[in-house]
Each structure stands twice: as C-alpha cells, then as structure tokens.
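Residues 338 to 602 in the working numbering are what the sequence shown spells out, letter by letter.
Mixed in with the good hints there might be a few duds.
[Claimed, not checked] Simulated DEER-style distance windows between Cβ atoms:
#1 Arg357 - Gln452: 21 to 29 Å
#2 Asp355 - Glu502: 25 to 33 Å
#3 Glu408 - Ala481: 25 to 33 Å
#4 Thr339 - Glu592: 14 to 22 Å
#5 Gly576 - Arg357: 30 to 38 Å
Derived by calculation from the structure, the hints in this document are not laboratory data.
C-beta: ideal position from N, C-alpha, C; glycine also.
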Amino acid sequence: MTIYIDTHTHLDFSDFDDDRDAVLADSGRLGVRRLLVMGVARSNWDTLWDLVENDPRLYAAFGMHPVFLDEHQPEDLQHLRERLEQHAADPRCCAVGEFGLDYYIEEPDRERQQQLFEAQLQIAADVDLPVLLHVRRAHAPVIAALKRYQLRRAGIIHAFSGSYEEAREYIRLGFKLGMGGAATWPQAKRMHRVIAQLPAESLVLETDCPDMAPAFRPYQRNRPQNLPQICAELAELRGETAEQLARQCLHNTCELFGWSATAVS
C-alpha cells in the first residue's frame, strides 16, 4: 500500500468532533498513517496535546498563528517556550507552528506580526525544532527573516503558492514546500507551472483540513482522506506517477522530522 503523511491538519477543531475517530480510521485504510496537528493559539494547545497523547498516529506542533493576532498575549510566548521545553523528550512534539506572516487579511498589523514571527523563530532556534510556516502575500519579509535566523532544521512552507523564484529561495534555506488542495483547482495556472518545475526533494503533502478543500470535493469540509487523490493530481501535473510522488514526499517528510519511513508504514 502507498503510505502518506499529512503534514498539516487541524484535527483538533470542532469540525471533527462528531466523527474524528471515523475520519482517522478511514484515512488509515487509505494509507494516511501519520498526521501533524497544528497549534494556532495558546487556547488550543491543551486540547491538541490531549488528542495527540491518545492517538499514536498524531503528532503535534505548537505555535501562534498570525490570523489570531488579537488573541495572543505577550506572556503567551513564554508559555510557548515552556511547553516546547516540557515536551522536548517526547518525539510527538515535533515542530513549532503554525506561525508566520499574513498580509492577505484585512488591515494586517505588520509590525506586530513581524515581532511575533521573529520571536517564534528564535524559540524554534533555541529548542532546535523545525518550523511550520503560514505565509500569505508575505514571501519577501519571511525569506529575509529566515536568512537572518538560519535555522538549523528549517521546516515547511505551508500551502506554498508563490513563484518559482520564491520557491528556490526557500529551498536554498533548507525548507520543504507543502502542497495540497489549492493546486487541484483548474484556475491555479501559475501554481501548476511552478509545481511542474520544483525538485521532487522539496515537496511534502498536506490537506490543511478542514480548510482548503480540493477541486474534486469543492466547498466541503476538507479531510485527510483526500490526500491520496491530491497526491495523484499533483503527480499528474509533474508528469510522474502518484506512487513516485508519494514515496518521495514520504522520504522528504521523514528526513525533515528525523523519522523512519519504515516506522511510519
């Protein structure tokens, strides 16, 4: 069976409260054997960790998302550091995220976002964990900051939709590029061209469930069961088989997090 890792989910969200176990069981039957669950604010960290502790398929990242900027308090950064240090010996706490810069939202406070972004980059450097970055219309300032911090373990640019030149900058810095449902939409012509050019070693798969539904399940709750078909459609854009792309993405993800591909399968 082809094995997949979903590198970006929000399975702790209430969208899955009624059928979370069924979603995970069905995903597993389709080959989705490991899933990362994103922290977005201090208010969801406890729920997220309880979920991860009780399911060996799930892995946690903790972070402070720029969309929830008004929810974050200055002391939350210290709580983030303490939580990451508390779980340092637990391999299921595997990254800092989801955080980054979002200039797409209405009236973004760019200065506060930048301060929060760089503070979390520093925490990630200190605890030596990869970062899972949210970047919308802000590739230039993110790349500039990453060049300054030079993280040893880099991370993933979630839902990458930038240019080929921006992709090359991230790849030079050691980052993987998260690919999901957005690229399955027929109108995403630029993304299609970029994806076709990217080195296979730079790609990882994701759903961002319950958000970013693929074109083959439009305007519905996204779910990890969609990952195999997302992979197949991305592979077609690249002129390779779904099995080839899935195998490479599995290798890339395991390499980033220091996992054994054999253990995942």
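Structure versus earlier hints - violations, ascending order: 1 and 2
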